[in-house]
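Protein chains: 4
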Amino acid sequence: MDGSCREIHEECGVFGVYSSENRDVAGTVYYGLYALQHRGQESCGIAVAFADRITYHKGMGLVPEVFTPENLAKLPEGDIAIGHVRYSTTGSSQLLNAQPVVFTGKCGKMALAHNGNLTNTARLRERLVSENAVFQTAIDSEVMAVLINRLSDGDILNGVRRACPHFAGAYALVLMTADKLIAVRDPYGIRPLCIGIRDDDVMIASESCALDAVGAKFLRDVEPGEIVVVDSGGISSHMMDDIPEGGRMCIFEYVYFARSDSVIDGCSVYRARQEAGRLLAECCGADADIVSGVPDSANVAARAYSAASGIPFAEALAKNRYVGRTFIQPEQSLRENGIGVKLNAIRANIEGKRIVLVDDSIVRGTTMRKIVKMLREAGAREVHVRVCSPAVVHPCHLGIDIRSRSQLIGAGRSEEQIAELIGADSVRYLPAEQLVRACGDCRLGFCLGCFNGEYPYPEDGGDTDKYKFE
Amino acid sequence: MDGSCREIHEECGVFGVYSSENRDVAGTVYYGLYALQHRGQESCGIAVAFADRITYHKGMGLVPEVFTPENLAKLPEGDIAIGHVRYSTTGSSQLLNAQPVVFTGKCGKMALAHNGNLTNTARLRERLVSENAVFQTAIDSEVMAVLINRLSDGDILNGVRRACPHFAGAYALVLMTADKLIAVRDPYGIRPLCIGIRDDDVMIASESCALDAVGAKFLRDVEPGEIVVVDSGGISSHMMDDIPEGGRMCIFEYVYFARSDSVIDGCSVYRARQEAGRLLAECCGADADIVSGVPDSANVAARAYSAASGIPFAEALAKNRYVGRTFIQPEQSLRENGIGVKLNAIRANIEGKRIVLVDDSIVRGTTMRKIVKMLREAGAREVHVRVCSPAVVHPCHLGIDIRSRSQLIGAGRSEEQIAELIGADSVRYLPAEQLVRACGDCRLGFCLGCFNGEYPYPEDGGDTDKYKFE
Amino acid sequence: MDGSCREIHEECGVFGVYSSENRDVAGTVYYGLYALQHRGQESCGIAVAFADRITYHKGMGLVPEVFTPENLAKLPEGDIAIGHVRYSTTGSSQLLNAQPVVFTGKCGKMALAHNGNLTNTARLRERLVSENAVFQTAIDSEVMAVLINRLSDGDILNGVRRACPHFAGAYALVLMTADKLIAVRDPYGIRPLCIGIRDDDVMIASESCALDAVGAKFLRDVEPGEIVVVDSGGISSHMMDDIPEGGRMCIFEYVYFARSDSVIDGCSVYRARQEAGRLLAECCGADADIVSGVPDSANVAARAYSAASGIPFAEALAKNRYVGRTFIQPEQSLRENGIGVKLNAIRANIEGKRIVLVDDSIVRGTTMRKIVKMLREAGAREVHVRVCSPAVVHPCHLGIDIRSRSQLIGAGRSEEQIAELIGADSVRYLPAEQLVRACGDCRLGFCLGCFNGEYPYPEDGGDTDKYKFE
Amino acid sequence: MDGSCREIHEECGVFGVYSSENRDVAGTVYYGLYALQHRGQESCGIAVAFADRITYHKGMGLVPEVFTPENLAKLPEGDIAIGHVRYSTTGSSQLLNAQPVVFTGKCGKMALAHNGNLTNTARLRERLVSENAVFQTAIDSEVMAVLINRLSDGDILNGVRRACPHFAGAYALVLMTADKLIAVRDPYGIRPLCIGIRDDDVMIASESCALDAVGAKFLRDVEPGEIVVVDSGGISSHMMDDIPEGGRMCIFEYVYFARSDSVIDGCSVYRARQEAGRLLAECCGADADIVSGVPDSANVAARAYSAASGIPFAEALAKNRYVGRTFIQPEQSLRENGIGVKLNAIRANIEGKRIVLVDDSIVRGTTMRKIVKMLREAGAREVHVRVCSPAVVHPCHLGIDIRSRSQLIGAGRSEEQIAELIGADSVRYLPAEQLVRACGDCRLGFCLGCFNGEYPYPEDGGDTDKYKFE
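Residue numbers (the working numbering), protein chains in the order written: chain L, 1 to 470; chain B, 1001 to 1470; chain F, 2001 to 2470; chain C, 3001 to 3470.
Simulated from the structure, these hints should not be mistaken for lab results.
C-beta atoms are modelled at their ideal positions from N, C-alpha and C, and glycine is treated no differently.
Careful: at least some of the hints might be erroneous.
To be verified - In silico DSBU-like cross-links for lysine-lysine, where the CA-CA straight-line distance does not exceed 35 Å: (1) Lys-74(L) to Lys-3217(C); (2) Lys-74(L) to Lys-3370(C); (3) Lys-1370(B) to Lys-217(L); (4) Lys-3074(C) to Lys-1074(B); (5) Lys-74(L) to Lys-3373(C); (6) Lys-2353(F) to Lys-3109(C); (7) Lys-1373(B) to Lys-217(L); (8) Lys-109(L) to Lys-3373(C); (9) Lys-1370(B) to Lys-74(L); (10) Lys-2217(F) to Lys-3074(C); (11) Lys-2074(F) to Lys-3370(C); (12) Lys-1370(B) to Lys-1217(B); (13) Lys-3109(C) to Lys-2217(F); (14) Lys-370(L) to Lys-3074(C); (15) Lys-370(L) to Lys-1109(B); (16) Lys-1109(B) to Lys-74(L); (17) Lys-180(L) to Lys-3109(C); (18) Lys-1074(B) to Lys-2074(F); (19) Lys-2109(F) to Lys-1180(B); (20) Lys-370(L) to Lys-1074(B); (21) Lys-3074(C) to Lys-109(L).
Unchecked claim - Which residues of chain L face chain B? A few of them, derived with a C-beta cut under 10 Å, are: (22) Thr-104; (23) Cys-209; (24) Met-240; (25) Asn-320; (26) Asn-344; (27) Ala-378; (28) Arg-381.
Chain L on its own, in the form it takes in the complex:
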């Protein structure tokens, strides 16, 4: 599923451009963010550096809502620009917390945008407060920016190099000063980040689909633990010390977050999903008349399942393309009447059929329960749910909005129990080793924390001895 139907959410996407020719850097970031909109629909922002000033605009809403032609036109021409799209939970759904963070400090003007989540923010913040810092927002990014500034001695690269060892968690950053664009990826490479080239311009993006959208050629991924600096001298690369071997890329990016036309760390998202569908058919077969996917993101896997199993593919569900963020929840009376504004069963395809319904993942299970009910009411004889990833049983503290274990339908339940809860005839999950196999083209290892509880960083932020800033 995707869009407004999503049960879990990525928290951000970032984009940056350093241009020597095209002065419309804000426009470039605008189209880059548009292509990354699936990574965050709550707020967005663009900051532009020109001369010694940084001008920015941030707002609540989708990219085209915040950046109307009027607002976009107010941003000046410049050499460098960065942008950000954000999703967050309601508690902090405020303009105040939108990014990029922009301020003046030892390195002059500076702006920073962040995708990921630190586990030791509270402790860093407390420490910085005790050393006279003040904070105007509730977000990681401000803490990161303040610490980078504090350790910079006026040299931004210095600041980044010294600050990164203090950050425990997932981060893919773009930051800029008046004359430099910098990209940083955490030592495990948990969140994706890549580099593109268009003529003499350099782009940084969370996903390669954003490079395609602005006509840039994919150059390479930013490596785990790498700091990439783009300035008038070109692109230079700096590695952090003590980078762990192999990386631990978040496998959920392939399962669900990333756009299918992106290629991340050498692995096509489309191919990974296709392969997951194929392996799912091998290991979790079902006796059925048709195979169908929950639109849109599970369709690739469903078709691969169909091809591998020989069961014909047919769409069981139509999706209303116009349901967006502002959807008003129907009141009880309508809901009981079986309302399906977002999804609708295609009766012609399912009446009297036994259906294999493929989805990419199941988190809380509430949407899946409604879908199964809808299929049965439209005449499905059997519904067998097949999931392209293992059961989600652990909350994530590295940037995915999976909050509490108690909400996870997969936690502490057998497949039979889950099937009963969602009203399906059977439920089967793709085992973790098969999912890893499906993403076999990826050059990095994986974080499978939400499936097996093993995270590269502990939830409480880990060893505190680390945090001595000087």
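Starting from the structure of chain L, add chains B, F and C where the hints point.
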């Protein structure tokens, strides 16, 4: 293709409800219109009848934009409500022209919403002006409403029966007075209209998907030339005189406009598209490595083509789900760099491949030219375009936004010439008789005017002797 | 008092321009309406005629709110334009009812804006409905426009001449077609209307202050019963038949509605108010230490009272210049604490003083009661209220928002009873004959209906035999 | 003059409340800010402390625009709240720079609002940046807040006491933490600040008129150099060290900024203006027929001039009460025609007259030139301008928007030269010693810097040795 990528546009969708129990008739229409949003994204409106008053709200924009929770809450409870979604060309993109049309006249308060297009509006208008009428908008619907009122003698059913013979063109109407909901379909049944039941409530909708959305059961289609009256006495049916045999339903509804989960006049839209894809494979084969569809609407046909031809299906294009009406056109410099904000090629699937690209129709051809270019740049070796309908060679004057023959790439050109224009290796169209076969479940005959120029009504509105109002 | 403190409201102001040189007719109307804003703050609109089209924009709110630079710029250049500002009671506070009314009929495109109130609207409307007319709004203006069109035979002047005898009530109209600007004043001249000249341009305005605002020279008032036509042939004048002698101009225009810098029918509003204050001192003296006026409109009279009585003038009340329409009413707790956001007593001027407080009129008395209380709390020893007009004892049905007799504090009460109700030591009203004397420069007679119940038209619209349209 | 006609601008107003009973502290601040709206119309904000959180809303626009009922309702109940209204020059007209400044630091949550201007901000900022601070805005208030936090050792009163000696300039502050409301006035008392009591609630306001507006009783002014702390223990007072004798209150507050119903440091603003008018008549007489004031603020003085000189008072100018911030400047063609949308001459009062026109001050002189022209066009025979304050000849760096000496019409010109420039028959200014005499009730001495160049703080911020933070 669909959404903002569409090259042609339906002009309207209508929805009505008569309720004896549930007082939230505005809420019901809201969800009904949401499900019909694909039929019109420019403006929308809802009118509610309670006691002797009709209250309404209309606005420019999508249903959830116009009907924010605050605006929806301002509409009162009531017994009857009708609603409308509208697309129009720029000239008349004004709030003023939004529907429903609401006024006071001989039958008291009355509201009317219209899907379709009359060919003799100008003449009717002129005639009515000469008899002292004034018009505050530029739309057909006001002319229809004024004539119905004029001929009603205070009895709305009378007015509708006497007025309909004067309407030359396509119309699917919902109208209401303080105590009646009326649905009307033109004598040829050119635009779809159907009836649903939910408990004791009666619904009228342009497509059955809207009935599903509000939890209503499909009862039946409104027949060509039928006037359905819903009031405290239940549902009654009245047929116009001299109804032509067989009907001439617009076949483009199946090809492109209607939602795939709708069933119109007995024929599933999904099935019709699937069958068109199958027949296309039979008659217009190609030597290729993969079959792909232009997302989203052509995917059904593309998969059927794949199944019939044995050539594997693979997605060649990813669609940005967030590109909406407010998209800012990139300036030239970005566009030349190959920008693809709306669609992006999935290189992993197409590099080095010979592709059959299925689309539902081609009108002006400009989008298809860009897509073919994008595929080639992503490494496609050959691109064979296959279209699920005949070449569009005639403008439509019955409610589809196909304006001028000179813009139609198919007009006066051979398939070879078209292929050259759009840069494809070959282009083949499904012949009209095959398309008709694909829609064989439909109980009505078809209007194929845009393919063969034979329309049920002439463009100039036809015989004028008809227009004597008394 | 004025602005948001006003207890009663005028219902409209109108402005029109016919230009042979300056194409920015919309801009001229904009500034004209700005100067007439005191006559209506609820909605406003401007319509522009160019070639055969009439383009308009209307909205809820003040002139600068509705006509932002963007909205104003959207109106085209043209030859003729008319505009309207409107106040109305809540029931019909809808954009729908904003003016000008614009439509197409026998005279082609036509727009009309109306200041005043008819007493026989319902009957005209009913009659027109029975002859097939439909109405989309609830306002007089639409009825007037439809009847004018109906009787015009395609000649607008014809229509106006034939329709006016059917209008029973107050009206000052501006209307336009593609090539004519027309101004009409009812046979009694109840509402003001005047003509100005700027170079070769002709202006029509409710008050002369609007002519000053656009740099036009006052030419003359439109006469009671006069129809002024402005077109390429210049200005021509047409008188209705059977015009009553002398006119009956609404005297409340001088008392309260009009701006003090306007001159109406030969009489300066400022001078009339000054003279009323002087006569008030003569007939309604008081033993006091200072004279003060309720700001702002009563200050002129208060100073004249001071000069005539020899009691020094001092401001007792300061007014918050920023309190506007969107003021949030304080909740009870704050109100009980004596909140005075709109007005504040100037303690330095009133402590220990006996005060004569002059106001222009008292309608419901609720505001005056609060003011007296505020003055006493600030230390006033005595408060003697003196009013520049007689007690309002009759509702008005000719365009002033004085609705129900039961709300009128002056109805059926002696001055002593009123004083007790509002907490004043004494209350005295200027007798009607003195008020008429104060407005002695006016060339017309007066309607004193709200003081003596004698209106030129009965409330129920009068003799119905009149209404035969042919 | 006032409102949108003002040539110079105060930069801020502040309001704070500590409540033990009434939980609607945001509502109280709302009405307080409403009464201070004349001190700043560009942006405003309210922050509320409840439990350990501070919630705020800020926006561009007037108080009722920013705090719609919806927005006001979103602010929680609480114990303490502060608010701010702001004017600024265009360069920094951004939401970003709106106040209060809110952040988390050593003292927990903290909010600060500031009226005034520091002269050494740049140096303080530079120094703080060198000690690792970052700044997200361009305003003084952030610098003050950061320094207070830095020097606080976690005790807010500590921070204020240690930081104030570093602030060179004018400041009247309200700040709050989770449990304290603090008011601070600079050692010279340049900007006003006073304390009020309502039941058990304590209020702090820039002017006493805001205390009246919320029903609070004036307790006393905050003394120059005083720090007032309000918490659960009641009100306590702390004096800064080395406070200069006598104070130097900005005399322009009496001349022009403050509302006439305020009493500042023992002197009624109304009385001071009245007395200035009287003294002006004594020292700057003129042979004339009428005395008139530029509305609204100069009317008090004009009437006093009239009383003292025996020349009758009459209004020469009417003001459009509806001209606000969003006024669209008329284009040249209209302007040349003598447009007077904001002010209009009352011809009846001035034709053939010799006029004394009183204004409170003249800064650039451009508006006065237009007014004199308007009066002459309306028939004035002579225009003698009399000003209630000396010629403004020095820019102010303490919070008044008088920027550059070159714009000051009074700088380097004789009264005769100025009269010629503005087209008047004569111009006379009230000498400084007479103005001081008029404000004789004020317990403090005065800053007369804009008249005589003697400011309590040098423009460049003064002695830098002072700035050692430890």
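Here is what the structure says about each hint:
1. Lys-74(L) to Lys-3217(C): Roughly 47 Å separates the two Cα atoms, so the pair is violated.
2. Lys-74(L) to Lys-3370(C): Judged against 35 Å, a Cα distance of about 34 Å means the pair holds.
3. Lys-1370(B) to Lys-217(L): Since the Cα atoms of Lys-1370(B) and Lys-217(L) sit roughly 18 Å apart, the hinted pair holds (cutoff 35 Å).
4. Lys-3074(C) to Lys-1074(B): At roughly 21 Å apart (the allowed maximum being 35 Å), Lys-1074(B) and Lys-3074(C) satisfy the hint.
5. Lys-74(L) to Lys-3373(C): Outside the cut-off at roughly 39 Å; violated.
6. Lys-2353(F) to Lys-3109(C): At roughly 49 Å apart (the allowed maximum being 35 Å), Lys-3109(C) and Lys-2353(F) break the hint.
7. Lys-1373(B) to Lys-217(L): holds, 16 Å
8. Lys-109(L) to Lys-3373(C): violated, 49 Å
9. Lys-1370(B) to Lys-74(L): holds, 30 Å
10. Lys-2217(F) to Lys-3074(C): Since the Cα atoms of Lys-2217(F) and Lys-3074(C) sit roughly 52 Å apart, the hinted pair is violated (cutoff 35 Å).
11. Lys-2074(F) to Lys-3370(C): holds, 30 Å
12. Lys-1370(B) to Lys-1217(B): violated, 42 Å
13. Lys-3109(C) to Lys-2217(F): It is violated: about 62 Å lies between the C-alpha atoms, which goes past 35 Å.
14. Lys-370(L) to Lys-3074(C): holds, 34 Å
15. Lys-370(L) to Lys-1109(B): Since the Cα atoms of Lys-370(L) and Lys-1109(B) sit roughly 41 Å apart, the hinted pair is violated (cutoff 35 Å).
16. Lys-1109(B) to Lys-74(L): violated, 48 Å
17. Lys-180(L) to Lys-3109(C): Holds, at roughly 34 Å.
18. Lys-1074(B) to Lys-2074(F): holds, 30 Å
19. Lys-2109(F) to Lys-1180(B): It holds: about 34 Å lies between the C-alpha atoms, which stays within 35 Å.
20. Lys-370(L) to Lys-1074(B): holds, 30 Å
21. Lys-3074(C) to Lys-109(L): holds, 34 Å
22. Thr-104: Interface hint status for Thr-104(L): violated (31 Å vs cutoff 10 Å).
23. Cys-209: Interface hint status for Cys-209(L): holds (6 Å vs cutoff 10 Å).
24. Met-240: Hint violated; Met-240(L) Cβ to chain B Cβ min 31 Å, cut 10 Å.
25. Asn-320: holds, 6 Å
26. Asn-344: With a closest approach of 5 Å, the Asn-344(L) hint holds.
27. Ala-378: holds, 9 Å
28. Arg-381: Nearest chain B Cβ about 19 Å off; hint violated.
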